[in-house]
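Whenever a hint applies, use it, and build me the whole structure from the sequences.
Protein chains in written order, with the UniProt record's numbering: chain A, 1 to 277; chain B, 1 to 277.
These are computed hints drawn from the structure, not numbers from a lab.
Since we're looking at a predicted model, the values are computed, not measured.
Do not take every clue at face value.
[Said to hold, decoys possible] A few chain B residues that face chain A, going by a derived Cβ cut-off under 8 angstroms, partial list only:
id	residue
1	N136
2	A139
3	W178
4	D244
5	S248
6	S264
[Unchecked claim] Just so you have them, the derived chain B footprint on chain A, three or more residues with Cβ under 8 angstroms:
id	region
7	77-90
8	138-150
[Stated by the list, open to error] Coverage of chain B stretches by chain A, computed from C-beta distances (three or more under 8 angstroms per stretch; other residues unrestricted):
id	region
9	232-242
10	249-260
Where a beta carbon is used, it is the ideal one built from N, C-alpha and C, also for glycine.
Protein chains: 2
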Amino acid sequence: MIRVASSTDRRVDDFRDLARADRRPDRPGGRGLVIAEGTVVVRRMLASPYPIRAVLGVQRRVTELADDLDGLDVPVYVACADTMAEIVGFHLNRGVLAVAGRACLPDAEAVAGQASTVAVLEGVGDHENLGALFRNVAALGVDGVLLGPGCSDPLYRRSVRVSMGTVLRVPFAPLAPWPDGVDLLRGYGFHVAALTPSAGSQDLAGFAGRGDRRVALLLGSEGHGLSREAIEAADTAVHIPMADGVDSLNIATAGAVAFYELTSRVAHDPDRGGVRG
Amino acid sequence: MIRVASSTDRRVDDFRDLARADRRPDRPGGRGLVIAEGTVVVRRMLASPYPIRAVLGVQRRVTELADDLDGLDVPVYVACADTMAEIVGFHLNRGVLAVAGRACLPDAEAVAGQASTVAVLEGVGDHENLGALFRNVAALGVDGVLLGPGCSDPLYRRSVRVSMGTVLRVPFAPLAPWPDGVDLLRGYGFHVAALTPSAGSQDLAGFAGRGDRRVALLLGSEGHGLSREAIEAADTAVHIPMADGVDSLNIATAGAVAFYELTSRVAHDPDRGGVRG
Numbered sequence: 001m002i003r004v005a006s007s008t009d010r011r012v013d014d015f016r017d018l019a020r021a022d023r024r025p026d027r028p029g030g031r032g033l034v035i036a037e038g039t040v041v042v043r044r045m046l047a048s049p050y051p052i053r054a055v056l057g058v059q060r061r062v063t064e065l066a067d068d069l070d071g072l073d074v075p076v077y078v079a080c081a082d083t084m085a086e087i088v089g090f091h092l093n094r095g096v097l098a099v100a101g102r103a104c105l106p107d108a109e110a111v112a113g114q115a116s117t118v119a120v121l122e123g124v125g126d127h128e129n130l131g132a133l134f135r136n137v138a139a140l141g142v143d144g145v146l147l148g149p150g151c152s153d154p155l156y157r158r159s160v161r162v163s164m165g166t167v168l169r170v171p172f173a174p175l176a177p178w179p180d181g182v183d184l185l186r187g188y189g190f191h192v193a194a195l196t197p198s199a200g201s202q203d204l205a206g207f208a209g210r211g212d213r214r215v216a217l218l219l220g221s222e223g224h225g226l227s228r229e230a231i232e233a234a235d236t237a238v239h240i241p242m243a244d245g246v247d248s249l250n251i252a253t254a255g256a257v258a259f260y261e262l263t264s265r266v267a268h269d270p271d272r273g274g275v276r277g
Numbered sequence: 001m002i003r004v005a006s007s008t009d010r011r012v013d014d015f016r017d018l019a020r021a022d023r024r025p026d027r028p029g030g031r032g033l034v035i036a037e038g039t040v041v042v043r044r045m046l047a048s049p050y051p052i053r054a055v056l057g058v059q060r061r062v063t064e065l066a067d068d069l070d071g072l073d074v075p076v077y078v079a080c081a082d083t084m085a086e087i088v089g090f091h092l093n094r095g096v097l098a099v100a101g102r103a104c105l106p107d108a109e110a111v112a113g114q115a116s117t118v119a120v121l122e123g124v125g126d127h128e129n130l131g132a133l134f135r136n137v138a139a140l141g142v143d144g145v146l147l148g149p150g151c152s153d154p155l156y157r158r159s160v161r162v163s164m165g166t167v168l169r170v171p172f173a174p175l176a177p178w179p180d181g182v183d184l185l186r187g188y189g190f191h192v193a194a195l196t197p198s199a200g201s202q203d204l205a206g207f208a209g210r211g212d213r214r215v216a217l218l219l220g221s222e223g224h225g226l227s228r229e230a231i232e233a234a235d236t237a238v239h240i241p242m243a244d245g246v247d248s249l250n251i252a253t254a255g256a257v258a259f260y261e262l263t264s265r266v267a268h269d270p271d272r273g274g275v276r277g
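In structure tokens:
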């Protein structure tokens with residue numbers, strides 16, 4: 001444990017000026033360090049394959065993490081809240097950060113090969129929606145995420161935070177070319193379904209009732225939804241019945257409802273593999 | 001249509017310094033004007049029973065709303081973006097605001113009497129979670145919301161915005177005393193279910209499969225969940241099966257999954273009333 005008394009200490013440069021980095025977010029497959037904020041997410045980073053470089057926190061938070069940090073062979077910096085705010089560039093409610101390098105990411109084949117249910121995203125450029133989607137994917141037993149064009153970087157700081165650190169655990173990979181890359185999924189036996197309010201699409205419950213053993217669910221951005229090309233590349237279009245018009249649910253919430261419906265079928269079918277706990 | 005050239009114009013005092021009002025949010029049943037932001041939410045306010053007092057917008061947004069404002073007997077103020085920012089106290093992306101008085105709210109009996117499914121909230125003090133819950137309630141065909149202790153004001157500006165204006169349409173009322181007020185719901189034939197990850201609770205799908213004609217779903221705050229008293233006051237405790245521990249879903253997202261499961265049953269049972277579109 002190393003005390004940091006001055007915000008200009010060069011040893012904590014990995015944590016410097018994080019809000020400024022917000023203005024140049026990376027893209028999937030991008031560069032840049034991965035930042036975890038708060039004890040819950042730092043714990044998830046410590047348990048992940050991402051190679052930890054350092055931890056920085058106020059004494060109280062570092063003490064809370066003592067068991068997790070025990071035996072860890074990286075510097076653990078302790079600073080007072082004001083010094084930490086000067087380093088980071090803003091006041092940090094959560095009081096502790098960890099920084100890691102980027103792990104070697106799997107490719108789309110590796111993600112698909114291990115999965116019963118995958119979420120395939122197009123145009124999800126909003127970091128908070130992307131993070132929330134990963135949180136819902138993790139909670140509801142979806143096995144992986146594939147990223148089409150226009151998605152932002154799941155390892156970007158705000159996505160990591162909103163995802164509650166689940167981006168560090170859920171396998172994800174870019175999918176290209178788009179949308180023809182979904183053929184790869186069909187090759188693994190996936191039924192490819194596009195979630196869209198388009199007329200003529202099938203009711204989600206009815207679709208889940210088909211009992212496909214492997215389902216890839218395509219989800220579009222909140223503003224524009226899936227592109228026509230993506231919908232046409234899917235085997236089926238499905239919708240969530242809604243009382244209140246087409247833009248009624250946030251994209252991450254619509255995803256959660258669909259993931260629940262699809263993975264519940266897994267959980268209730270003993271013949272089918274799945275990761276539900 | 002009245003041009004406002006100066007930010008000190010007293011006629012637009014209803015719209016003044018809105019961010020400052022953020023520091024003194026009202027409580028349910030509270031005082032204070034209701035603010036709608038953006039064309040979508042302003043339209044919902046115009047279609048609501050809330051008595052509109054005035055509209056303030058930049059020319060482009062007011063022009064977009066021309067049909068909706070036609071015949072409306074209240075002042076419509078037009079200002080440039082900079083003047084509007086000075087009045088409101090921050091730069092307003094959405095470019096148009098409407099302000100209304102508080103409509104006379106229904107009581108819990110009026111909300112319950114008309115409903116097949118109600119959400120009953122305890123301790124949802126976060127304005128964004130509360131707004132998101134209303135958005136999900138509206139989208140997924142839940143008929144009303146009852147507010148136990150510790151909930152914030154659904155008509156507070158940020159809740160109105162996050163709810164996409166649905167707080168202006170979904171009936172809500174305070175429920176007291178707490179938790180004994182749920183007896184009122186039983187009197188109307190509701191089965192009272194507490195959504196909670198507690199051990200021994202029933203799986204959501206299994207519970208929905210019971211096919212109760214009227215269901216009141218109790219939801220607690222994201223941080224602490226439902227109080228022990230609230231869980232004990234319910235007829236049944238139910239949980240969403242999760243792969244990732246007990247705090248895995250945001251409260252509004254957990255609500256959406258549960259609302260979907262419960263109201264899907266309504267939609268698929270022709271003998272049972274419901275508001276699904």
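Here's how the hints hold up against the structure:
The interface hint given for N136/B is met, as the beta carbon of that residue sits about 6 angstroms from the closest beta carbon of chain A, less than 8 angstroms. Taking 8 angstroms as the C-beta contact cut-off toward chain A, the hint placing A139/B at the interface holds, the least distance being around 3 angstroms. The interface hint given for W178/B is violated, since its Cβ lies 27 angstroms from the closest Cβ of chain A, which is over the 8 angstroms cut-off. With its C-beta approaching chain A no nearer than about 5 angstroms, D244/B sits inside the 8 angstroms limit, and its interface hint holds.
Because the closest C-beta pair between S248/B and chain A is about 3 angstroms apart, less than 8 angstroms, the hint holds. At about 6 angstroms, the closest approach between the beta carbon of S264/B and any beta carbon in chain A falls short of 8 angstroms, and the interface hint on this residue holds. Counting residues of the region 77-90 of chain A whose beta carbon lies closer than 8 angstroms to any beta carbon of chain B gives 0, which falls below the threshold of three, so the coverage claim is violated. Beta-carbon proximity to chain B at under 8 angstroms applies to 4 residues in the region 138-150 of chain A; the threshold of 3 is reached and the given coverage holds.
Remark: the region 232-242 of chain B is confirmed as covered by chain A, as 3 of its residues place a Cβ nearer than 8 angstroms to a Cβ of that chain, reaching the required three. For the region 249-260 of chain B, the stated coverage by chain A is satisfied: 7 residues place a CB nearer than 8 angstroms to a CB of that chain, which reaches the threshold of 3.
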